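Peer 1: As a plain string of letters, each chain reads:
Number of protein chains: 2
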Amino acid sequence: ARFNYETLTDLKVYREKVLEWCRLLADQGLGSMAYPREFGGGGNMADYFAIMETLSYHDLSLVIKFGVQFGLWGMSVYSLGTEKHHRKYLADIGSLKIPGCFAMTETNHGSNVKGIETTATYDHSKQVFVINTPYPDARKEYIGNAAMHGRMATVFAKLIIAGKDYGVNAFIVPLRDENGNTLNGVTIGDCGQKMGLNGVDNGTIIFTDVVIPKENMLDKFASVNDAGEFESPIPSDNRRFFTMLGTLVGGRIGIPRSSLAAAKSGLTIAIRYSDTRRQFGPEGGAEVPILNYRMHQRRLMPLLARTYALHFGLQYLTSRFLSRTENEMQEIEALAAGMKSYATWSARDVLQECREACGGKGYLAENRIGALKNDTEIYTTFEGDNTVLMQLVAKNRLAEFRKAFGKMNAMGMISYVYENAKTAIAEKNPIITRKTDDAHLLDEVFHQHALEHREKTTLASAARRLKKLVDGGLDGYDAFNVAQHQMLDVARAWLDRIIFEQFTLAVNNASDTKIKQALSQLKQLFALSVIEQNKGWYLEDGYMEAVKTKAVRKMVNQLCWDIRKDAVPLVNAFDIPDQLLSAPIATV
Amino acid sequence: ARFNYETLTDLKVYREKVLEWCRLLADQGLGSMAYPREFGGGGNMADYFAIMETLSYHDLSLVIKFGVQFGLWGMSVYSLGTEKHHRKYLADIGSLKIPGCFAMTETNHGSNVKGIETTATYDHSKQVFVINTPYPDARKEYIGNAAMHGRMATVFAKLIIAGKDYGVNAFIVPLRDENGNTLNGVTIGDCGQKMGLNGVDNGTIIFTDVVIPKENMLDKFASVNDAGEFESPIPSDNRRFFTMLGTLVGGRIGIPRSSLAAAKSGLTIAIRYSDTRRQFGPEGGAEVPILNYRMHQRRLMPLLARTYALHFGLQYLTSRFLSRTENEMQEIEALAAGMKSYATWSARDVLQECREACGGKGYLAENRIGALKNDTEIYTTFEGDNTVLMQLVAKNRLAEFRKAFGKMNAMGMISYVYENAKTAIAEKNPIITRKTDDAHLLDEVFHQHALEHREKTTLASAARRLKKLVDGGLDGYDAFNVAQHQMLDVARAWLDRIIFEQFTLAVNNASDTKIKQALSQLKQLFALSVIEQNKGWYLEDGYMEAVKTKAVRKMVNQLCWDIRKDAVPLVNAFDIPDQLLSAPIATV
Ligand SMILES: Cc1cc2nc3c(=O)[nH]c(=O)nc-3n(C[C@H](O)[C@H](O)[C@H](O)COP(=O)(O)OP(=O)(O)OC[C@H]3O[C@@H](n4cnc5c(N)ncnc54)[C@H](O)[C@@H]3O)c2cc1C
Ligand SMILES: Cc1cc2nc3c(=O)[nH]c(=O)nc-3n(C[C@H](O)[C@H](O)[C@H](O)COP(=O)(O)OP(=O)(O)OC[C@H]3O[C@@H](n4cnc5c(N)ncnc54)[C@H](O)[C@@H]3O)c2cc1C
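Here the protein sequences come in this chain order: X and V.
Its first residue numbered 1, the first sequence is counted upward by one per residue in the working numbering.
Its first residue numbered 1, the second sequence is counted upward by one per residue in the working numbering.
Simulated from the structure, these hints should not be mistaken for lab results.
Since the structure is predicted, the reported quantities are computational estimates derived from the model, not experimental observations.
Do not rely on the hints blindly, as some may be mistaken.
No copy labels: a pair is met if it fits in one copy or bridges any two.
[Said to hold, decoys possible] Derived lysine-lysine pairs resembling BS3-like cross-links, with alpha carbons at most 25 Å apart: (1) Lys428 to Lys550; (2) Lys435 to Lys468; (3) Lys12 to Lys565; (4) Lys467 to Lys97; (5) Lys456 to Lys550; (6) Lys468 to Lys554; (7) Lys428 to Lys565; (8) Lys126 to Lys84.
Could you put the whole structure together from the sequences, leaning on the hints where they help?
Peer 2: As structure tokens, this is what we get:
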């Protein structure tokens with residue numbers, strides 16, 4: 001018993017501090033930035049994302065608590081509710097007068113959120129809903145703001161009317177009174193210490209016959225009419241639910257932008273340190289900055305390039321979202337899901353490498369890489385698990401593909417493959433597959449073609465594979481599962497191409513020639529790194545021969561070497577205030 | 001100012017707890033297990049390693065504190081000192097009566113430890129050494145046991161006699177009195193909160209004219225004689241220092257074995273959970289265990305195979321070390337450096353993947369994956385930074401290569417390459433490079449050849465490259481730097497082959513046919529995963545053609561699928577007590 005594990009961090013202090021920080025920001029009007037002006041908001045969604053990203057240079061528990069309150073809780077009321085809800089709640093949410101939660105996930109249903117089992121049973125005689133957790137493992141879990149501060153929650157539950165299940169809908173449910181005491185029928189648990197984000201009070205919620213008035217149903221997409229009957233403009237429960245989720249896609253923009261900021265912080269710390277840290281040197285000579293070592297450049301420069309690439313990629317995602325029209329929604333949802341996954345995985349890799357690149361110094365809390373890594377660690381899981389999201393992205397790509405070719409019949413497939421082969425044929429002649437001169441390797445047209453070719457080919461080959469599996473007797477569900485690995489390739493290849501294109505546009509738009517030159521090199525490194533990572537694929541496909549992939553590797557080395565000279569200015573350009581960066585090893 | 005960062009964990013409580021744990025273990029005689037019986041020890045080095053590994057199923061701060069005290073501190077006295085030191089200190093170190101440190105690293109010199117600047121100046125008139133930190137950044141840094149509990153330290157310092165520098169030597173230096181107060185001239189700092197291992201009190205030490213008696217020099221490899229002159233059987237300062245380091249290679253066995261245990265814990269938690277956690281399912285059907293998903297298998301099964309492979313690889317390292325003879329030392333040092341890097345990087349990857357594979361549950365402290373990851377995070381850095389160690393491994397391989405071919409002249413090189421080409425020629429004929437039948441793909445001979453071929457070819461090509469660079473006018477230091485990336489490939493390819501061979505031996509030695517069958521499949525997966533990861537290389541080299549690498553991918557999928565069925569028994573075979581595993585999601 002003396003060997004028992006113990007938990008030693010004072011969660012309470014940290015959580016209160018983060019709440020206080022949120023208050024200070026709310027007082028400045030930052031919390032309600034995204035809400036319409038008529039409800040006390042700033043009416044500026046773009047600024048809301050910028051706030052999420054900028055706050056991420058400071059403390060990530062703050063960002064997530066802020067996001068739960070003003071994003072998830074507030075925006076769910078805004079997007080799923082109607083004017084009566086907006087009028088009643090939005091101002092108080094934006095001012096943090098009503099701290100609240102977004103209670104979707106349950107212990108037994110995380111990724112498969114459609115399967116949640118909490119019930120909201122309508123009682124027409126009393127004009128109320130009764131909320132229930134049918135069994136312990138159907139409790140709400142991981143809910144931010146639940147363990148301590150939340151007074152209300154948007155609760156997702158299956159609507160039951162007269163014994164009939166109308167699918168998942170959303171309801172405003174009070175959790176605590178003004179003194180913070182939990183209300184009757186509400187049982188809260190504390191998720192306790194986590195790997196990171198310990199300033200956020202995640203908790204579990206069990207509902208036992210919790211009664212809420214009828215008006216608490218967030219009724220934009222479905223409602224119960226005066227006769228006590230279910231009504232919705234979207235008849236399919238499934239489609240309605242995914243439409244509801246679609247309106248919440250903003251969260252999938254805030255998270256990757258936050259992860260981008262964390263990656264930038266990590267790179268700024270690691271690159272500044274690596275530029276000054278000296279270790280080893282030629283016999284008798286002075287010691288050399290570790291960033292002069294080829295291996296160290298290889299470890300950090302491609303990640304710097306990717307982080308720049310994502311900067312432009314996420315700007316693109318944001319602007320697509322802000323200017324969205326109804327019929328673009330499916331594409332934008334796929335884009336958000338994909339970019340969220342790509343960016344958060346990238347931040348994971350970046351911060352891991354930064355930790356190691358700083359040696360022992362990278363392990364000390366004062367240098368903040370550990371906190372950045374541990375806090376963003378869960379970004380790959382929440383707001384949708386990346387592996388699951390990437391499959392949705394691939395399915396969306398396949399759907400687009402199918403649209404383009406009508407029913408995915410054999411002839412359509414074959415002719416597509418043939419067309420693709422024809423356009424690829426020019427690039428697949430030995431002169432191109434073996435072309436290794438510098439000008440070609442650095443050519444943006446080569447990069448674009450290579451990325452497009454991989455995008456198209458992986459997509460067509462996944463489609464072919466799926467068709468074969470289905471023709472062979474598997475149902476769709478099983479066929480997708482067998483091809484999961486390919487599905488991820490399809491999604492990745494699509495995202496690589498889009499991000500590259502956005503990087504290209506950004507370079508073209510740069511007016512300062514020096515900046516243009518520096519960005520252009522980073523873009524080349526980004527493209528060639530992606531190609532190098534996938535060189536096995538390109539060789540298998542015949543798009544490149546060995547001489548060429550070897551030349552790509554050499555060119556990546558060369559670019560790492562060249563960019564190393566600009567590395568410190570390039571991270572300084574992120575313009576993170578030293579006070580927020582705070583790491584002693586990053587001070588110059 | 002209200003936004004300042006704050007540190008919230010109570011380090012003091014945790015550190016005291018870990019010290020108490022060490023006391024309990026020392027009382028059982030576990031601390032002195034490796035020391036000779038005549039000095040109160042257990043005389044059993046093999047058991048010492050087993051203790052390090054087994055303790056790693058519990059708390060890793062404990063393992064590291066234990067290793068600092070009984071391994072680094074005690075074994076440095078044992079290996080670098082002579083009988084007078086053994087008699088005076090070993091029993092008290094083993095019983096934890098004298099907590100102590102191993103003080104090598106300095107702020108300005110970590111990897112390049114030969115460059116440390118602390119001085120030990122001999123004063124013949126007083127028969128003492130005076131220890132000094134010449135300037136602040138030459139302070140000892142990260143020293144385990146220094147911040148709170150260490151009463152003495154093995155301090156590495158440049159020996160100065162009559163103004164002449166005799167290179168780095170080791171000295172026993174008292175730090176604190178029996179009440180724990182630091183002694184005159186000793187200034188201790190606290191490294192504070194770290195990303196992990198917060199139960200270990202790492203600190204900095206500055207020495208200001210600290211006087212120690214002459215007998216405190218650990219004088220196995222060098223001493224000051226009665227005339228006050230330097231004496232050593234090894235005249236070169238450089239060689240002497242590396243000989244001293246060589247005697248400490250045991251630390252490079254304890255760490256990878258500890259990381260192996262952590263990886264096993266992580267896999268046991270993640271695989272048991274994935275076997276029971278259900279999410280999604282066919283339309284209308286029951287939900288499916290996530291480990292049934294192909295992608296999930298892909299994420300975990302190859303890591304399970306690699307962890308088994310490393311189990312046997314590290315047993316091999318240990319037995320080579322325990323039965324070492326003088327003239328094997330260089331090889332064993334390279335093996336230890338390489339295995340340490342391979343195993344700790346692998347644990348990093350395993351624990352990262354396990355965290356993500358468990359979704360939100362993997363983020364909760366109660367499930368321990370976070371602690372396992374953060375505590376072992378520094379394993380890739382301490383006891384020698386992996387990137388630096390892998391270069392040493394490669395240099396050792398190149399030295400062996402050179403030995404085999406006399407002076408690395410062009411003719412020798414060419415004929416080696418020719419020979420290698422000849423043996424490869426049989427395998428490079430189109431029948432083999434395109435061979436894709438199952439029997440061949442699963443054939444151990446194919447695996448062994450493929451791994452050997454990569455090992456030999458990367459080595460020869462690195463040698464060729466270096467020769468070219470040197471012929472082109474670079475000095476050796478620069479040439480090695482330019483080729484760093486290749487150096488890592490050389491080291492990795494060597495280790496892959498060795499680990500595979502040890503896995504093969506283990507399979508052959510298994511008597512139970514069912515176990516043999518299960519291990520054999522894991523071994524196939526290990527080999528094919530390595531080949532798949534390097535498929536770009538194999539294609540570039542011409543050792544395989546596209547049809548074959550594609551077939552390898554399919555076979556990896558198939559093996560993941562097949563092994564999935566045994567996955568739970570395979571982690572249960574690690575036999576980690578549930579009480580130590582402790583994670584609620586791992587209980588079955
Ligand atoms: C700190 C934190 C804060 C959170 N805050 C909130 C909140 O405020 N409100 C809220 O509602 N929720 C919240 N969540 C929940 C979060 O959204 C879920 O954790 C997430 O949706 C994943 O669900 P899960 O944890 O159940 O993982 P699971 O769905 O169980 O997934 C586990 C693993 O299985 C894999 N997997 C699952 N299905 C498949 C498949 N079909 N194919 C292949 N692999 C598969 C996944 O890739 C994953 O690696 C939070 C979670 C955490 C940890
Ligand atoms: C928790 C902890 C406990 C420790 N305990 C002890 C202890 O008890 N006693 C003790 O003496 N020491 C201890 N150490 C120190 C540890 O051994 C050093 O951190 C380690 O040797 C690495 O040195 P460094 O941190 O200075 O990294 P650096 O040497 O500064 O390395 C930083 C980065 O540069 C890279 N790099 C360096 N040289 C090259 C090169 N030539 N080519 C390419 N890349 C290069 C490395 O790969 C690394 O990523 C401890 C450290 C920590 C963090």
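Peer 1: With reference to the structure, classify each hint as holding or not holding.
Peer 2: So, going through the hints one by one against the coordinates:
Taking CA atoms no more than 25 Å apart as the test, Lys428 paired with Lys550 passes in both settings, with 17 Å inside one copy and 19 Å between copies. Only between protomers do Lys435 and Lys468 lie at most 25 Å apart by alpha-carbon distance; the minimum there is 24 Å, versus 35 Å within a single protomer. In this assembly of identical chains, Lys12 and Lys565 lie within 25 Å of each other by CA distance neither inside one copy nor across copies; the values are 46 Å within and 44 Å between. With identical chains, the CA atoms of Lys467 and Lys97 are never at most 25 Å apart, being 54 Å at best within one copy and 72 Å at best between copies.
Proximity of Lys456 and Lys550 under a CA criterion of 25 Å is satisfied in both settings, with 24 Å inside one chain copy and 18 Å between copies. Proximity of Lys468 to Lys554 under the C-alpha cut-off of 25 Å is restricted to the inter-copy arrangement: shortest distance 16 Å between copies versus 40 Å within a copy. With identical chains, the CA atoms of Lys428 and Lys565 are never at most 25 Å apart, being 36 Å at best within one copy and 43 Å at best between copies. Only within a single protomer do Lys126 and Lys84 lie at most 25 Å apart by alpha-carbon distance; the minimum there is 20 Å, versus 90 Å between protomers.
Checked against the numbered hints given earlier, the structure breaks hints 3, 4, 7 and satisfies all the rest.
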